Amino acid sequence: MSLKDFSFYIILFLRMHGSLCLQNCLVDSNWNVKLTNFVTDELCGDKLRHNELKYMMDSEIEREKQKKRREKEEKKREKQKEREREGKERRDVSSSESLEDQKLEEAIVNDKVRDQANMKKYVQYAPEIIREFLSAKHLPIGTQASDIYSCGMVLYQILFKLEPFVEKNLSPQKLLNRIAMANDNDQIIRPIFPNQVQTVANPAEEAYNLQLLSALEACWLEIPEMRPNIKRLKAIVNANLKSTGSGSLVDQMMKMMEDYTANLELLVKERTQLLEEAQQQADRLLKNMLPSTIADDLKAGRPVPPQLYTNSTVLFSDIRGFSRMAANSTPYQVVAFLNDMFSGFDAIIAKHDAFKVETIGHTYMVVSGVPRENGNLHVQHIADIALKMRTFVSNFKVGHRPEEIIMVRIGFHSGSVAAGVVGLAAPRYCLFGDTVNMASRMESTGLANKIQISESSFNLLKCFFQQFIAVERGKVEIKGKGECTTYFLDGKDQYTTQTNIMQQRKK
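When the letters of the sequence shown are read in order and numbered with mature numbering (1 follows the signal peptide of the UniProt record, and there is no 0), they come out as residues -21 to -1, 1 to 486.
For the record, the hints were derived by calculation from the structure and aren't laboratory data.
A couple of the hints might just be wrong.
Think about it this way: if two alpha-carbon atoms lie no more than 30 Å apart in a straight line, the pair counts; the simulated DSSO-like pairs of lysine-lysine are [stated by the list, open to error]:
id: 1; residue 1: K454; residue 2: K471
id: 2; residue 1: K376; residue 2: K429
id: 3; residue 1: K266; residue 2: K99
Everything numeric in this text was worked out from a predicted model, so none of it was measured.
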C-alpha cells in the first residue's frame, strides 16, 4: 500500500490505524503492500481490562512464579532420586521427569525470544502511546498523530534498511523506558540517519534530500500537534523520491512490468515475423543447394535413400578462355563476373523442370528428370536451356572488360543416373554414373558457341521433339568410349514448334 492508499484509509475510512508498524505491513504476491491489524488494540483493551487476555509483562511475572515452583519441585525430586536410585522403575520416572523439565526450559526460552521479537514493534509507536502502555499495561487507542509518528518509523526502515535505535544496542524493554521517560531535561532519543546509504530507492549512492530527512524528523516530534498530516508527508515523499503519484517504487516497477506485458504481444509478433523471414531465407538457400522435394524431406527428418533414374539428361557448360581472362583480372572482378553469368543461368533454369546440381569453378552442371521424373520431357527441357544459355552468353557484357567476347561450350547426354544426398553437416545432392561422364565429355570435346549432344539425346529429340534442329558432327574420340557419333544442336524450327504447341492444346 502506497502513501496515497494509506492517506485514503486515514482520511476517508478509519481516521487512524492505531497500531501502525513495519510488522503490520504485509507484501502480497503482486508486490503490493497491505496493512493489517486496523485498530485491533481497542478490542484487545476491553479484554485485557476484563482479564480475558493477559498482557505479556504479566505473563513474565507469572512465569517467574512458575519457575520458582518448579525449582522447589525439582529439589523434592532430587531427594526422591537419592532414596530410590536403585529401583529401575524410579529411574524411568526420573528420566521422564527430566525430559519434561527440559521441555519446560525450552518453552521458557522460546517465550522469551518471542516476547523480544514482539517488543521490537512497540519501539515504533509514539512516545505518548508507549507511556500509557507501560503504565496501564495495555495499549491505548491510537490517534492520527501517533500514526504519523509510526509512519515515519516505517519510512525510516524502508529507506535505510535499518531497525530504529539499532545503534543504541539496548533491549526493547530499556528502549521503551528511555522513550517514555524522556522530558525537557533529558535527551529525547530518535533514530539516527546514516551518512551515505545504498538502496534501491537511492541508486546514486548519495544521501537523501534534506527535505525528506526533515520530514521524517517532523514525524517524530514529541508534541503530537506539531507533526505533519498525511497529505503533507505524502507530497514530500513523492517529490523527493521522484514519484509520479502512482505509488511506491515497487508500484512503479509493477506498472513497467504491466506495460511490458501489454507490449509483449507486439514484440512476439515482430520476433515471429523476423524468425519466419530468417526461416524462409534458410529454406531458399537450402533449396538452391538441393532439389525442393529433397530439401523438404530432410527438413521433416525423413531419410532420403539413393535412387536410380533410368531417364534423365545431364548438361555441362564451360566458359572458353576463362583462365586467360581471370589471369588479367582481380579476384573481385572474377567473382563479380561469375555471379552475373551464373545468375543469368539460374534465371533460365528456374523456368524449366530442371535442377542446377553444382558449379565447379566456371563449369555449370544441370540435370532434368531427377529427382522428379518427367518421362521424355527431360531432353526437351535441357535442349531449351542449352539454346537459351548460348543466347544469353552471346549478349553478355563483362563489367570490367566490356570489349571481351565471351564464348561458351555446352554439351549434354541422356541416360540413366544414380542420385543421392552426400554429407550431413553440408549435404549435397550428387549424381553418379556413366551418363554424367559422357555429358562431361560432350562439353569438353565440343567447340566454342556450339552445343554438342550425344547420339542418345539426338535420337530422343528426333523421335519426340522434331522442332529441334540438330546436325551431325561426325566421329569424335571420346575418352573411355572410343569414336562416337555426336551432333550439334543448332536451334529450333519455329513453325514446327508452333504446330506442336497447337497439337498439345487440342489434346
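Each hint, compared with the structure:
no. : hint        : in the structure
1   : K454 - K471 : holds (24 Å)
2   : K376 - K429 : holds (19 Å)
3   : K266 - K99  : violated (74 Å)
Hint 3 from the earlier list is the only one contradicted by this structure; the remaining hints agree with it.
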